[in-house]
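Student: In order, the protein sequence lines correspond to chains X and D. Going from the first sequence to the numbering used here is simple: count from 1 and add 36. Going from the second sequence to the numbering used here is simple: count from 1 and add 15.
No lab work stands behind these hints, which were simulated from the structure alone. Worth double-checking, as some hints may not be accurate.
[To be verified] Using 20 angstroms as the maximum straight-line C-alpha spacing, the simulated SDA-like pairs for lysine to any residue come out as follows:
1. K82(X) with R55(X)
2. K82(D) with D319(X)
3. K195(D) with D320(X)
4. K188(D) with P324(X)
5. K37(D) with D319(X)
6. K188(D) with Q358(X)
7. K195(D) with P324(X)
8. K136(X) with G101(X)
9. K87(X) with R51(X)
10. K280(D) with G359(D)
11. K41(D) with E315(X)
12. K195(D) with D240(X)
13. K312(D) with R481(D)
14. K82(D) with R45(D)
15. K391(D) with G80(D)
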Amino acid sequence: MAVMTYREALNLALREEMRRDPDVFVIGEEVGLYEGAYKVTQGLLKEFGPKRIVDTPIAESGFTGVGIGAAMVGLRPVVEMMTFNFALLALDQIVNSAAKLNYMSGGQYNVPIVIRGPGGPAHQLAAQHSQSMEVYFYHVPGLKVVRPSTPMDAKGLLKSAIRDDNPVIFIESETLYNVKGEVSEDPDFLVPLGQAAVRREGTDVTVIAYMGMMYRAMEAAEELAKDGISVEIVDPRTLQPLDTETIIRSVRKTHRAVVVEAGAGFAGMGSEIATEITEEAFDDLDAPVARVTGAQAPMPYARSLERLKTPTKEKIADAIRQVCYANGSR
Amino acid sequence: MAVTKVVMPKLSEQMEAGKVIKWLKKEGDRVQSGDILAEVETDKADVEMEAFGSGVLRKILVSAGDKAPVGALIGVIAEEGDDINAVVAQAGGGAPSAAASSAGAKPAMADRPAAVPPQPKSEDHAERTPSPSKGPESPGIRRAQETVAQQPAVTEMAPRPQAPAAADGGRVKASPLARKIAAQSGVDLKLVHGSGPGGRIVRRDVEAAAAAPAAAAPAAAAAPSAAAPSPALRPVTPTVTGPEYEDVALSTMRAAIAKRMPLSKAPVPHFYVTSEVAMDRAWELREELNGLEGQPKISVNDLVIRTCALTLLHHPGVNASFQGESIRVFHRVHMGIAVALEEGLITPVLRDAHAKTLAQIAVEARDLAERARQRKLRTQELSGATFSISNLGMFDVRDFSAIINPPEGAILAVGSVRKVPVVTDEGLGVGRRMAMTISCDHRVMDGAMGARFLQDVKRLLEEPLRLLV
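Next comes chain X alone, as it looks inside the complex (with noise of 0.2 angstroms):
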C-alpha cells in the first residue's frame, strides 16, 4: 500500500499494464510529449517510446477510429479523451463500431479498447466542459462505463478495464485527480467491473452516488449522523454493468433510497436505479424513492450560478431528511 494521488494512480495502472502486455498502448492529443493534458500520462514517453505513446491531431473520429481498429486486430488500445466532452466527436465510432462490431460480425471480432478521460463537472468549466457524459454510454448496448470515484479504485478498474475484452468508457474526473487515498502497489490488484462498494455502513437510508457526488454524500451523512440519521452510501463504480445486488440488499436493510447524480436527472442515472429499486425492493420501501440531480438547464459559468445547478452537500441532506420522514427544519 501506499498513498497517492487519483492521477498518479491511474499513471500506475497504465504503467503496470503496459508492462506486463505488450499489446497495450496510449493513444490520443498530448499524451506523449505534452504528458498529458492532466498528466494522467506522465513520463509514459520515456518508458515505453513513440510507438506505444501515440499523439495524434486533435481528431477524435479519427484516433478514436485507429484505436477501434487496432483493437479487432489484437491490440488493447487506450483511448485518452482530453476532456470526455470531446468523445461527442466520436460517438459514431464509438457507438456504432466499438459497442457492435462483436455483435454485428457473429463474435468473429471484438474489440477490447478502453477510452479514458475526465467528465462531469468540475470548477467553473462552463456549459461544453462539464457535461455527465456517462448517461451518453449507458444506454449503448455493447459498452461498459465505468466511474471510479478514489484513488484505489481508479487503479483496480482501470487494469480490469484494459484487460476486459469489450469496449470500456472509463470516465475520470478532473475534480478528483489530486485526491489522495492509499493505493496498492500490487501489480495483479484489480477491483472487478460490476461490483458496488458500499462507502459507508448506515441504517436508516442508502445514498447512491459516485465521483465528487459520492465524496459530498460523505459530507451530508456525517452532517446527519448529528441528527441521528444513519446513512449507508453505495457507490456503484461501475454503471454498466450495474450491481444492483448491492444496492436492492442495502435498500432492504435501510427501506429508503436517495439517488445522487451530477448530471440532469431526467432519463438519467437516477431514474435507473430508481425504477431497480421499486421494481426489486417495493414492499421494503418505506417512502418513494429520491432523486437529487443537477437542474435541466446548461452549466453556467459563473460561480454562484453553477453551484445553483448542482448537487450540494444541503440539497442531499434535505433529500435524505425528507425520505426519513424527519424534515422538520428547511
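Following the hints, complete the assembly by docking chain D onto the known chain X.
Tutor: Coordinates of chain D only, in the frame set by chain X:
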C-alpha cells in the same frame, strides 16, 4: 352504450372473498372483452380476471392489495360519455347482487355433475348473452358474472368496511413497507394515523400502533421492568430478550383451511379403516421401471394413485358424495392429491386418473405439485375431486388419518414404506410394509364397504403387475 360491472369473480368453490393483487389496466384505459383486467388472489391460487365487456375502464373501486367479497363491484367499464354514477353508488350496499342471487340461484352442488368444468368462465354463460337485466338496474346494464352471486356468502361479506363506496376518500395511503408490517403484525391500517406527507402511514406509525396494546397492559409490562433494575433476581430467571410471543396473521390460505376443516370434521361423521400392505413387489417393480431409460420417475404415491383409481372403478360406493337427499356416485375418478406448502396445504386434482397410465400419472402429478408450490394452478385444477390421497410417507410417518375434504366421500392417508421384520413360511424375514388409513363419510358408506375397498387396494399393490395392464 353498455355499462359493464366488473365484480369479484368466484374462482373456486370455497371462495368467499378475493384480493386484487394488481390491476393490469388503469382507469381510463380502453379494454376489449377478453382482455386481462387484473390478477386476483383466491384462497388457493392467483388467477387472471378477464373483462366481460368492452369500453373504457372508467372506475376502479377496489385497489390493488385490497380484498372484496365475491360478487362485489370492483370496477366499471363503460364508454366515455356514459353515466356511471348510479352503478357506482349502488356498489356501497352490495344489495343488488345479493338480490339477484336469491332470484337466480340454483343449489351450487347441482352444477357439479358436469365433471370437468372446462373453464371457470363456462359457469358464467349467463353474462355472455346480453340478457335483459332483471332487478333494479337500468336497461342495458350487462350483469357481469351473475352466477357468482349464488353464494350466500355474498350477503354475509358485503358490509365490509372496504366496500368501496368512497372510492377516493376511503383509500388508505401507506408506504409499501408499512403495509407489509401491518399485514404481518395484524394492525388495521384504517385505524392508524399517518405521520408522513399527505397523511401517509409509514413504518414508525405502524410500529407505534402495534406497540400500543402492549403499553395498555400495565400489569404485564410492569413485571419485567420491575425485575430489570434488581440484579439480585437475575441469576434466578434466565434472561430471555424479545417478546414472549407473537401473533402471526392468518394467510389467506391458512384462513381458508381454518374455516374449512371444522366444516368437515364436525358435520361429516368420519370413520377410519387401517390396513397394511406388503410393498416388496411394488418396490421392486418401481425400481425396475425407474431403471428404464427415458421413462418418467415413478413415485410410490404414483403407484397408490393408479391403484386407487382402478380400484374405485370397482367400488363406486367409495367414489361418492353425500348430497343431502341422495348419494352421488361418480363413474370417473378425479383424484385429489394433497400437496404440502410452506403456508398450508392444497389439493390439486388429477382428472380421469382411472384412464391414465402410470407414466402419465407420474408426469401430471409432479407437474401439479410443482405448480401448486408456485401457486400457478388454474382454478379448474383445484376443484372436482371425487376422492383424495394424502401421503406423508416422505416425513417418515408410520400411519395417520386425514380429514375428508367435502363433498368428497373419502380420503386415503398413506404412510411410509418401512422395512420391518415379517413372519414368512420359513421363519423371520425382512419385508417392506406400508400402512394406509381410509377416512370415510359414514353418511355415504359403512365400515365394511371401506374395508373391502382397502382390501382390493392392498391386493392390487401386492400384485403390482396388474397396474401395468
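Student: Hint by hint, say whether it matches the structure.
Tutor: Hints, one by one, checked against the model:
Of the supplied pair hints, the one linking K82(X) and R55(X) holds, its CA atoms being roughly 13 angstroms apart against a limit of 20 angstroms. For the given pair, K82(D) sits about 18 angstroms from D319(X) by alpha-carbon distance, which is consistent with the 20 angstroms threshold. As the CA atoms of K195(D) and D320(X) are separated by approximately 8 angstroms, the hinted pair is consistent with the 20 angstroms bound. Restraint check for K188(D) and P324(X): the C-alpha separation of about 12 angstroms stays at or below 20 angstroms, so the hint holds.
Between K37(D) and D319(X) the CA atoms are separated by roughly 14 angstroms; this keeps the pair inside 20 angstroms, and the hint holds. Restraint check: the Cα-Cα separation between K188(D) and Q358(X) comes to about 17 angstroms, which is no more than 20 angstroms; the hinted pair holds. For the hint linking K195(D) to P324(X), the alpha-carbon distance of about 15 angstroms falls within 20 angstroms, and the restraint holds. Between the alpha carbons of K136(X) and G101(X) the distance comes to roughly 13 angstroms, so the proposed pair stays at or under 20 angstroms and holds.
With a C-alpha separation of about 15 angstroms, the suggested pair K87(X) and R51(X) falls inside the 20 angstroms cut-off, and the hint holds. For the proposed pair K280(D) and G359(D), the alpha carbon gap of about 18 angstroms is at most 20 angstroms, so the pair holds. Note on K41(D) and E315(X): the hinted pairing holds, with a Cα-Cα distance of about 18 angstroms set against a maximum of 20 angstroms. A C-alpha spacing of about 18 angstroms is found between K195(D) and D240(X), which places the hinted pair at or below 20 angstroms, so the restraint holds.
Taking the CA atoms of K312(D) and R481(D), the gap is about 19 angstroms. The hint holds against a cut of 20 angstroms. Between K82(D) and R45(D) the CA atoms are separated by roughly 24 angstroms; this puts the pair beyond 20 angstroms, and the hint is violated. Restraint check for K391(D) and G80(D): satisfied, since their Cα atoms lie roughly 19 angstroms apart, inside the 20 angstroms limit.
Taken one by one, the earlier hints fail for this structure only at number 14.
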